[in-house]
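Number of protein chains: 2
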Amino acid sequence: MQTTEKTQPKLLNLKKRLSEINDLEAAASLLYWDQATYMPPGGAAARGRQLATLQKIAHSKFTDPAMGELLEGLRPYEETLPYFSDEASLIRCTRKNYHRAVQVPAEFMGEFSEHRTETYSVWVKARATNDFAAVRPYLEKTLDLSREMAYFFPGYEHIADPLIDFADYGMKVSILRTLFSQLREELVPIVEAITAQSPTDNNCLHQRYPEEEQLDLTLKVMKQMGYDFERGRQDQTHHPFMINFSTGDVRITTRVDEDDLSQALFSSIHEMGHGLYEQGIRRDLEGTPLACGTSSGVHESQSRLWENIVGRSRGFWKFFYPQ
Amino acid sequence: MQTTEKTQPKLLNLKKRLSEINDLEAAASLLYWDQATYMPPGGAAARGRQLATLQKIAHSKFTDPAMGELLEGLRPYEETLPYFSDEASLIRCTRKNYHRAVQVPAEFMGEFSEHRTETYSVWVKARATNDFAAVRPYLEKTLDLSREMAYFFPGYEHIADPLIDFADYGMKVSILRTLFSQLREELVPIVEAITAQSPTDNNCLHQRYPEEEQLDLTLKVMKQMGYDFERGRQDQTHHPFMINFSTGDVRITTRVDEDDLSQALFSSIHEMGHGLYEQGIRRDLEGTPLACGTSSGVHESQSRLWENIVGRSRGFWKFFYPQ
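Protein sequence lines correspond, in order, to chains Y and U. The first sequence begins at 1 in my numbering and counts up by one. The second sequence begins at 1 in my numbering and counts up by one.
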């Protein structure tokens with residue numbers, strides 16, 4: 001970023017506040033990562049409380065009225081800058097997030113966070129015994145809390161709109177319905193044409209592949225694809241995800257089924273796609289809201305590009321299968 | 001703990017504040033644990049900043065003047081309670097920590113924390129090449145910062161006294177010098193008597209022991225000794241330590257030398273000794289300053305009890321060696 005901090009003490013103040021909030025969020029992310037990878041079962045109750053506390057404090061700091069005043073105070077400066085400059089974008093994105101965040105009380109953020117952590121623990125246990133009934137009341141509460149979250153943003157066309165907007169700024173149900181119906185027209189014939197064929201023999205994926213060897217393979221593939229292990233790592237979990245704690249620490253997780261090579265391999269490639277996107281972010285944007293993917297949609301385009309267009313391509317298998 | 005919260009809203013307020021601070025400290029501990037076990041090298045710079053931020057916020061919250069007023073306001077209630085009751089002890093310990101914490105500015109706490117994180121990264125790299133010169137300037141700065149820390153507590157007899165007091169409340173150089181000289185009188189003849197013997201053949205410890213098998217052995221020994229893996233786990237690091245994030249999550253770390261069985265085995269038993277002590281803490285004290293070891297001295301007595309009195313005993317080896 002340009003260093004205009006000396007001439008713009010307000011911008012310096014903004015960046016300092018954002019960096020502190022970012023540190024709290026990064027710590028919360030690590031608590032989540034640990035919960036999903038290595039945490040012993042006994043840690044679950046306290047972990048929920050710890051995550052809720054961090055998120056409450058981060059939220060309180062971000063919604064501090066001083067933040068709003070700062071953003072207003074920066075408006076004249078912002079208007080002198082090109083719209084897509086780093087600094088104008090930083091101020092604009094922060095303002096968008098701020099106006100969204102002040103709608104939601106910190107207590108509610110804490111409550112929702114604690115509920116998510118509890119749900120995760122229940123799900124991990126229920127998954128082992130395929131016990132949907134155990135998870136059901138938690139999912140129902142998630143739905144209630146999601147509705148409650150939407151109520152903080154009155155004026156929506158559809159109750160899901162505010163929630164979709166969190167993930168994909170500007171997206172809403174009415175746009176998605178049109179988009180999906182257009183896609184359906186084109187996709188259904190393609191799917192029909194494929195399923196009309198006799199099924200491909202994918203028996204080679206369903207041999208017995210020991211865990212260690214599968215993990216070695218995923219690491220080899222990821223290295224070849226350009227994922228930087230100096231700034232990342234892979235661990236095992238129940239439901240794979242990508243998570244980052246800084247531009248220098250972007251991790252992925254995977255899961256192994258010893259009777260199905262496709263689980264670990266495609267999970268790893270998919271999450272690595274998310275990871276490559278995050279690892280590609282300019283390092284000097286760190287600690288600001290610009291240092292993340294622009295939307296869930298774009299993020300998913302990156303993961304699926306690597307998983308499907310590359311990982312399921314003939315070229316990929318011609319290269320790796322003989323090795 | 002007795003639930004007198006309804007009659008003592010100030011006590012409830014105190015516990016709520018302490019629990020929030022405890023959550024921040026637990027998050028900082030997890031950031032440290034991760035740095036020492038799984039963090040990729042690229043995460044180091046941001047990790048230092050994140051740890052410093054958490055410690056600064058925890059410190060600011062703890063030294064909030066409202067905390068001091070609360071502790072003063074609780075004095076009349078405290079005086080009605082038995083000295084060693086949970087609640088009187090909670091108020092007393094918190095007050096002791098508070099009066100200590102307000103001496104030190106939050107900025108200094110952040111600076112010291114960041115320096116420690118940086119030093120750790122430098123040490124890990126220097127250790128691989130046995131490069132003391134690389135670490136030396138960092139150790140010198142640690143010494144400077146430690147002196148600066150002591151200056152915040154004027155009136156000491158010896159400059160190390162305030163620092164020793166952090167680890168062992170009430171202990172100071174003059175007491176330790178007397179203690180050590182008494183110990184020396186008794187210990188030196190014992191050491192001389194031992195070293196006068198021809199050295200024992202400990203060749204059996206210095207065979208080639210593969211990492212996996214050593215780790216399996218340590219886990220087996222720890223289970224037998226009563227360490228609860230539902231509320232703990234063991235990971236590898238460069239310099240073993242015990243760390244806890246709640247009474248339900250008390251972890252240890254170890255290190256393996258494939259040519260020396262004693263490294264991992266005695267490290268694990270030692271750290272497990274610390275861990276057993278923490279796992280034995282009453283669960284309902286969680287989130288308060290009472291939920292930790294009473295001093296470094298007592299803590300070390302537990303780790304060394306298990307490492308030396310048990311782990312190096314004939315009985316231990318008679319039991320485990322044949323297995």
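Rather than coming from a laboratory, the hints here were simulated on the basis of the structure. These figures come from a predicted structure and were not determined experimentally. Keep in mind that a hint or two might mislead.
Said to hold, decoys possible - Listed next, with one range per pair, are the computed distances between beta-carbon atoms:
#1 Arg-147/U to Thr-37/Y: 50 to 60 Å
#2 Asp-144/U to Arg-75/Y: 27 to 37 Å
#3 Ala-128/U to Gly-315/Y: 38 to 48 Å
#4 Gln-103/U to Ala-66/Y: 24 to 34 Å
#5 Thr-178/Y to Pro-105/U: 54 to 64 Å
What the hints assert, rightly or not - Derived lysine to aspartate or glutamate pairs resembling EDC-like cross-links, with alpha carbons at most 20 Å apart:
#6 Lys-16/U to Glu-107/Y
#7 Lys-16/Y to Glu-185/U
#8 Lys-61/Y to Asp-168/U
Yeah, the Cβ is synthetic: ideal placement off N, Cα and C, and Gly gets one too.
Hint check:
1. Arg-147/U to Thr-37/Y: 50 to 60 Å: violated, 40 Å
2. Asp-144/U to Arg-75/Y: 27 to 37 Å: For Asp-144/U and Arg-75/Y the Cβ distance comes to about 44 Å; the hint is violated.
3. Ala-128/U to Gly-315/Y: 38 to 48 Å: holds, 39 Å
4. Gln-103/U to Ala-66/Y: 24 to 34 Å: 28 Å Cβ-Cβ, so the 24 to 34 Å window holds.
5. Thr-178/Y to Pro-105/U: 54 to 64 Å: holds, 58 Å
6. Lys-16/U to Glu-107/Y: Holds, because 14 Å separates the two Cα atoms, which is no more than 20 Å.
7. Lys-16/Y to Glu-185/U: Outside the cut-off at roughly 57 Å; violated.
8. Lys-61/Y to Asp-168/U: The hint is violated at about 35 Å.
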